[in-house]
Amino acid sequence: MKVLSFSFETRLRFSEPVFDHDFVLRCLPTSSPSQTVLEAQTIFDPRATVSRQCDGFGNLLQVGRLEAPHKRFEFISAGTVVTEADDAPVEEAHPIFLRPSQMTEPGQHISDFVADVLRVCGNVGPLDKALRLSLAIHETCSYEKGTTDVRTTAEEALAQRRGVCQDYAHVLVSCCRLAGVPARYVNGFMVGEGATHAWVEVHDGSRWRGVDPTNDCQVTDDYIVLSRGRDFADCPIEVGVFIGGARQKQTVRVTVTDDSTVEWAGQQ
Amino acid sequence: MPAYDELLEHAPKINQQLARYGVKFGLYKNGTFNERLFPFDAIPRTIKPTTWDYLSQGLAQRVDALNAYLRDLYGPKEAIREGIVPEDFAFMSSGYLPQCEGIVPPKGIYSHISGIDLVEGENDEWFVLEDNLRIPSGASYPLIARELCRRCDATTFLRAPLVDNRDYGTRLRAVLDNVNTGGINVVLTPGRFNAAYFEHAYLAEKAGATLAEPSELFVDDERLYYRNATSDQLVGAVYRRLSDEFLDPLCFRSDSLIGVPNLMSAYRAGNVAIVNAPGNGGADDKGIYYFVPKMVEYYLGEKPILQNAPTYLPFYPDDMAYVQDHADTLVIKDVAEAGGYGVVFGSSLEPGKLDELKALIRREPRRFIAQEVVDFLCLPTLVDGSIVPRKADLRAFVLSGKKTTVWPSGLTRYSREEGSAIVNSSQGGGFKDTWVLYR
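Residue numbers (the working numbering), protein chains in the order written: chain A, 1 to 268; chain B, 1 to 439.
With the rest of the complex left out, here is chain B (with noise of 0.2 Å):
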């Protein structure tokens, strides 16, 4: 493990300096939006450069497959008729969207930023918890993380021996190039209230992109322009960090007014690149997270390199009766939740309630996945000036462009209480800088 004890004392002035650059995020809580600022532990997590190789290929094996079943789901649907993936789960998962059946984007990559949550248990062993192929968030923490902590305490960086991590804004950019229809890249940003708002501006800046508003883009003759003050630019790609929904107020949400209107046109005439593809919700869904590994065997030919936690689909009766009788020991699932909502552990319920919950999961199974409660390491994490431990897990951003690779970094998230196993940033956790190894 390499040094990092001069880190520590710096901690409290990079915090100062995140907060001034406004690193933070939002969070809906009881109907009401807060932003908060996202705590920086100086404890790296350090990676060993074996692992590193094997969860960069397994990642990149998994995002490959992931991209080949958005296009088997909007296009000919093989894997669906031939039963990998069930018709209740590919079509009911509130994240198909059928305005996107027969579209296909730019050089066929639909996720081209994705962010895998995994975590590692006993062993070294580790479990993908969940697939983000929308809009991942948070590759800037880190990356602003790093940089500060840098300036800070060089001598540190000089020392270890880490794999830099300062060419995310590259690998972005050559994402963005890579489907790239003819014109600029832009940054799509709902505007500066937005709490992410920050990050956005941030990988602008490092990808060499324009950051633009709503207002200032938009279609003419099925394409996408950039609104200058003299003159119109073409666009080519969008990373538009704003959900699908709201993104083409005459194709989606009619009552959206930060979209663009007809954004979609120029994007099914295949004169834009939007990243990521809208319906990509259709494959993150935490029902369909269960069929992964059968579609890296089916649309490879190869053995899943990563596991999932072990899942059951109260879909299938064998998953059920198993469900029905272990759902104390269980965590459950809402498939329809994101961010750290609606996830159950079996053993925190009262009897009557958990009664209540497995009658709900009879009544509505599509509704519901189980998981064996994954043991996960504690890091070391810096609360209240004494070393404690904390879970955390790992989001790692995988990049598609001409090939599908892993950014040697990512945002490790740690849990506000001790024992607690949700580290959601929306659930008010911190985050860490993760230092992959050379040899």
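For reference, chain A alone in the conformation it holds in the complex (with noise of 0.2 Å):
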């Protein structure tokens, strides 16, 4: 178990003022067994009316509208969120995690490469073969920023082999669902990573365990969930449209620290 205080600040820029913006959130993180959200608040500027609702995904959105023109938006969402990774529930997986979608349909590159780890690691469990494919993810792809970008599907980050945490994640979640294990896609924080990461879920047969294809690594209490789906397009963090010829840049910090203490740790 671990207390992590997370603040998430977002500022858009934009080069002409636009106008009649509308959004959606998905950056508040929302209780599960595996997460306690002790307290979590968003606060806009300017300041809109947002109203808070939830996706068919079952992730908290935030739903708001900017209707007079404005050159930039910014939102901070801050909180604190108490991590148990081990404590997820006992659940079915539901059966569209097991089917491809439109960013995560295998081509060629994708079908070789789950042929070929699969011939090596024989017959393991789903959790273990989600892991040797994350690791065999892990070593053939190398992360490089700029890359890829947000509508790079699985098959064309395998092929060249390079990626953000977002391609490792689609590259895992449709290696999966081809080797018959159900795979979400995820968004959240991590301790120590600056920007938002991605990860992915998959079902063991009996509950939802994370997989980080990025640090080749399981899912820890140092992971904040924050909106899940069959991919990235089922479940962004911030998406927006408005009205105006407006370039705009976009900036993202993200700060997460582990608050727990090593007194309360040392009273057990």
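The set of hints was computed from the structure by calculation and includes no laboratory data.
Keep in mind that the hints are not guaranteed to be accurate.
[What the hints assert, rightly or not] Which bits of chain A does chain B cover? Going by a derived footprint, with three or more residues having C-beta under 8 Å, they are: (1) 13 to 23; (2) 43 to 54; (3) 57 to 69; (4) 92 to 105; (5) 238 to 246.
[Unchecked claim] Listing some non-contacts, in silico: residues in chain A with all C-beta distances to chain B over 10 Å: (6) V3; (7) V37; (8) L38; (9) A85; (10) V117; (11) C141; (12) Y143; (13) E193; (14) D234.
Where a beta carbon is used, it is the ideal one built from N, C-alpha and C, also for glycine.
Both chains are given apart, each in its own frame, so use the hints to dock them into the complex.
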């Protein structure tokens, strides 16, 4: 168990004023058996009417609109979460997480890759399969910013063997589903990471287990889940549309600190 | 059969008027978009009162079951858990949208306007070929054709014992009012360059609803508004004529320029009815079709009044064996395709091609259904001055408001070529008026 504090700042700058700016954010964590949200808030500048809703995947949405012309839009979400990664509940996997999605449709590269890995690892359980695939992806691909964008598919990322956490996660999701392991895409934060992070949850037959292919590890108490979906397109952390032919510049800063004290651990 | 002879001489004039009004439809062929007129044949299809009673009861029953299935699919999923509809079909359908999970539309109605395609076989025996629960189009064609026919030749309609169908707009309005959450009714059209713009404008006028383009609508604080020159009006029901994936760029396709951003947030909050509900494609897939009679029994506890054409699902091993042995006599349909595309008659294929198709079915059993070829009736049709037989189907419009009723009319489409059984307007046929007779 860990107590994590997070702050997530996004600043959008527009070269020209924009208006009728509609947005959906998935930037607040929600409580589940594996994470308890003690507090979490978002502050908007300029101020916007924002309503909270839940989407079809169970993610918390903040939906809002800025009608008046503006050249900047900023929001900061911050809070404290108690994490307990081992407490994932027993639940069934929805069958859609076994089916390819738009961004994880496997092509020749993914199919060959999965076949190669499975040939070596033989008949192991779903979690082990996912971990083997994660290791293979980690060894095959190199983490390079600027080589992919938010629309890059799993197949494209594996073909060029480069990408960022979103691409690693898409590749693992695609591989797992092809190998018969239900997998879903996860957005969130991680201790020590200055931006948002993405990883994967695979279903081991009874529970969803977090696997992080970028760092080639199982998810620990250092991770905070924000949103889940079949792939990135289902659950972006921030998405918006506006009117105005402006160029936009986005800066994002994430800080996650471990507030669990040594003394507290010593009392056990 | 009531007399209609006098109508025939007016047919060219009626077709001219239809062209003037812009009664046409668009189709994609070989990657390019074309618009074409929809030829009208003045010889009506007539339906006897007893047949209509049977059809309308069966259609209402079918649509009630489909609505119950949609409530279940996006809610408790009991029929799926019990295996009435196997998981593989329920969730693998491309029209199933997980974004709609857990949303209960106003009054629990998903399919408000359903277009059910039927054909008539021998001995007054009817078969349902397809359920269209997304945006079934075409009600305006028989409506305006009837209007023009009456104008050309009022006497025929004084004499003929046919049920008046001019109340479609009133019925549509009642359907919208029933689910309206407070505010005006709008018909949402992609715009005047859309091939079906005529229908959008016509139906809006007939239903007393406001015709709106996407840029005239916006969502604020979980409510949908129509932007007027002077004020913003709250919208309680939106009869949208654009497909799910383009509806809201912040929920579905992010590159959609014709959607209304955050429309889904107003809908989720229960502050607007979307007609028909997004996600209905999960129930009108060609693969789900097979299970509709089972849905009638499961949800309504009734025996299905209407039957499907005999259908095989290669997904089941027994059916696969049958399809492999009899592919040359069956019609094979790709469940992912719509509008008469992806429909292959086994008998029309050379042996080599047939083997390829059979192999494809073995590789992707979930992707195909196979049906016995229903030898459906030809209707007399005037082509180039002589009356010739043409295969025809019937799209019935079923409206689910306080009750589910069937509009006593419908769109009868006939095939262009003699002997061809593909009547979809996108394949180049024409249409007829449909006369439902009273005693």
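Run through the hints listed earlier and report the numbers of any the structure violates, in increasing order.
14
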